Amino acid sequence: MCHSCFLSFHSSLPLLSSFLSLSLTQSSVPRSLWLGCSSVAESLCALRCLQSIPSTRAHNQNTSVMESQNHVDDLSPKKTTVLTKLSNGPVMTGSRKRPSEGNCDKEKEKEQCIALFDQWSETDQVEFVEHLISHMCHYQHGHINSYLKPMLQRDFITALPAQGLDHIAESILSFLDAQSLCSAELVCKEWQRVISEGMLWKKLIERMVRTDPLWKGLSERHQWEKYLFKNRTTEVPPNSYYHSLYPKIIQDIETIEANWRCGRHNLQRIQCRSENSKGVYCLQYDDDKIISGLRDNSIKIWDKQSLECLKILTGHTGSVLCLQYDERVIVTGSSDSTVRVWDVTSGEVLNTLIHHNEAVLHLRFCNGLMVTCSKDRSIAVWDMASPTDISLRRVLVGHRAAVNVVDFDDKYIVSASGDRTIKVTSTCEFVRTLNGHKRGIACLQYRDRLVVSGSSDNTIRKIKVWDLQAALDPRAPASTLCLRTLVEHSGRVFRLQFDEFQIISSSHDDTILIWDFLNVSTNGQSEGRSPSRTYTYISR
614 MCHSCFLSFH SSLPLLSSFL SLSLTQSSVP RSLWLGCSSV AESLCALRCL QSIPSTRAHN
674 QNTSVMESQN HVDDLSPKKT TVLTKLSNGP VMTGSRKRPS EGNCDKEKEK EQCIALFDQW
734 SETDQVEFVE HLISHMCHYQ HGHINSYLKP MLQRDFITAL PAQGLDHIAE SILSFLDAQS
794 LCSAELVCKE WQRVISEGML WKKLIERMVR TDPLWKGLSE RHQWEKYLFK NRTTEVPPNS
854 YYHSLYPKII QDIETIEANW RCGRHNLQRI QCRSENSKGV YCLQYDDDKI ISGLRDNSIK
914 IWDKQSLECL KILTGHTGSV LCLQYDERVI VTGSSDSTVR VWDVTSGEVL NTLIHHNEAV
974 LHLRFCNGLM VTCSKDRSIA VWDMASPTDI SLRRVLVGHR AAVNVVDFDD KYIVSASGDR
1034 TIKVTSTCEF VRTLNGHKRG IACLQYRDRL VVSGSSDNTI RKIKVWDLQA ALDPRAPAST
1094 LCLRTLVEHS GRVFRLQFDE FQIISSSHDD TILIWDFLNV STNGQSEGRS PSRTYTYISR
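According to the numbering used here, the sequence shown is numbered sequentially starting from 614.
These are calculated hints, taken from the structure and not from any lab test. In this text, all values refer to a predicted model and were calculated from it rather than measured experimentally. Fair warning: there could be bad hints in the mix.
Simulated crosslink set (BS3-like; lysine-lysine; CA at most 30 angstroms straight-line) [said to hold, decoys possible]:
1) 1024 - 1051
2) 839 - 891
3) 861 - 839
4) 891 - 861
5) 816 - 802
6) 861 - 843
7) 988 - 1051
8) 719 - 829
9) 924 - 902
10) 816 - 913
11) 1051 - 1036
12) 924 - 913
13) 816 - 762
14) 891 - 917
15) 1075 - 1051
16) 843 - 829
17) 762 - 891
18) 843 - 902
19) 1024 - 891
20) 829 - 917
21) 891 - 843
22) 891 - 902
23) 891 - 913
24) 762 - 913
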């Protein structure tokens, strides 16, 4: 750029500034006028031409007033007055007012508009505001929305009790989890009152006990179940009791799962003292008793608390290899190839089933269906209409060795054989084989996401805990399926049973071991946490 052009450009900077301000505020300025200039000189000429363009702002405003006039013909004279004041606004004239005078005029006009607006009915006010908003741009609509949004919010939890609808507020808050319920208590005193008087912590614990067997088991063992639900006790603790109880339950659950994961347990031992031949082949337990089947052809019932023998049942001509009981009957299988049904109270024999050609190694019944497996490599499925009315439905074959144990639920059948494998099968297809034992598998139980199996692996008698949930994933490495190996028995592990709190196993060493994962001393043992279940609790 030459010196003369630079001086000319420098002297035109105020003009350029005015042009930029004009181009940003007036949409009617042709962009081609200032974008099409190929040189500074042409740009300056264009700027000078723009100076001669009359201001279009007043023209646009007058046009808007004319357009608006068509829409206000049906409005009252008072509304028309307000619209006229808002539409006219400050018009650019040759004699400009001082800024302070213009602001005063604006404030006066606003006050006049508000005074007129207040005199209208609610319907007229809404109609006028709708008409006014329709003349605004999208950016202004956003500002109005931000202003109105907090005004439209309502504290319904506080408002409902004021209308005598406390039960609705309690019902809404009863769907919260523990973390959200803690946060809700901190909102205000009214929310805290609704939660306290509605006993919502009690309802939360009741919901967990109904839906989670681990919560139900803890409620029974720790004796706080009597404070739940209706008509359990006349003493109902305050809401604060349940608030403090919840974190204790969470701590118990985390401790139990850590004990399962890390192998911590409290061990008790029952010496069976068999008279003729030693060996406990099978067992089942509940909170009151343990029922065991022995090698000496007998069935013994033990008190779970005192560990004393309460009753002995006889009738099989061979060792009692398997059993299961409910509140009505005990069903046993023996090496004499028969299945017997006993009355659980009197001990009387109600039925005898003869089908298998060799020893009945294991059985299980549930919901009118019973499955037995045998040394003859077959699995028999039975319909149980009643203890005295049991009929054979079908026979399954396919194992290459004796089927030592079988378990099932509504989704999967899990079986273990002398071929050292555990097979998981759905109702229609094979799912996966679990490998890990070095010798034949004698016992197994399938429950929820776990499979616990026992065998005599070489010189070491092992109980293995398997993760069935991981086994259902074909991408899971085989080495990750076994969660824990327990080694305590000195003889072959014959039978076992487990729940969320314990494993009880029987062995050829004439002992019954109780692996208690709930009542564990943590002295000198590191704490861990199982990732299988997660609860979140935030104390106040």
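These are the hints, each one checked on the structure:
no., hint, verdict
1, 1024 - 1051, "28 angstroms, holds"
2, 839 - 891, "43 angstroms, violated"
3, 861 - 839, "17 angstroms, holds"
4, 891 - 861, "44 angstroms, violated"
5, 816 - 802, "20 angstroms, holds"
6, 861 - 843, "22 angstroms, holds"
7, 988 - 1051, "19 angstroms, holds"
8, 719 - 829, "72 angstroms, violated"
9, 924 - 902, "11 angstroms, holds"
10, 816 - 913, "42 angstroms, violated"
11, 1051 - 1036, "15 angstroms, holds"
12, 924 - 913, "6 angstroms, holds"
13, 816 - 762, "34 angstroms, violated"
14, 891 - 917, "21 angstroms, holds"
15, 1075 - 1051, "10 angstroms, holds"
16, 843 - 829, "16 angstroms, holds"
17, 762 - 891, "80 angstroms, violated"
18, 843 - 902, "28 angstroms, holds"
19, 1024 - 891, "37 angstroms, violated"
20, 829 - 917, "20 angstroms, holds"
21, 891 - 843, "49 angstroms, violated"
22, 891 - 902, "21 angstroms, holds"
23, 891 - 913, "13 angstroms, holds"
24, 762 - 913, "73 angstroms, violated"
In terms of the numbered hints stated before, the structure departs from hints 2, 4, 8, 10, 13, 17, 19, 21 and 24, listed from lowest to highest.
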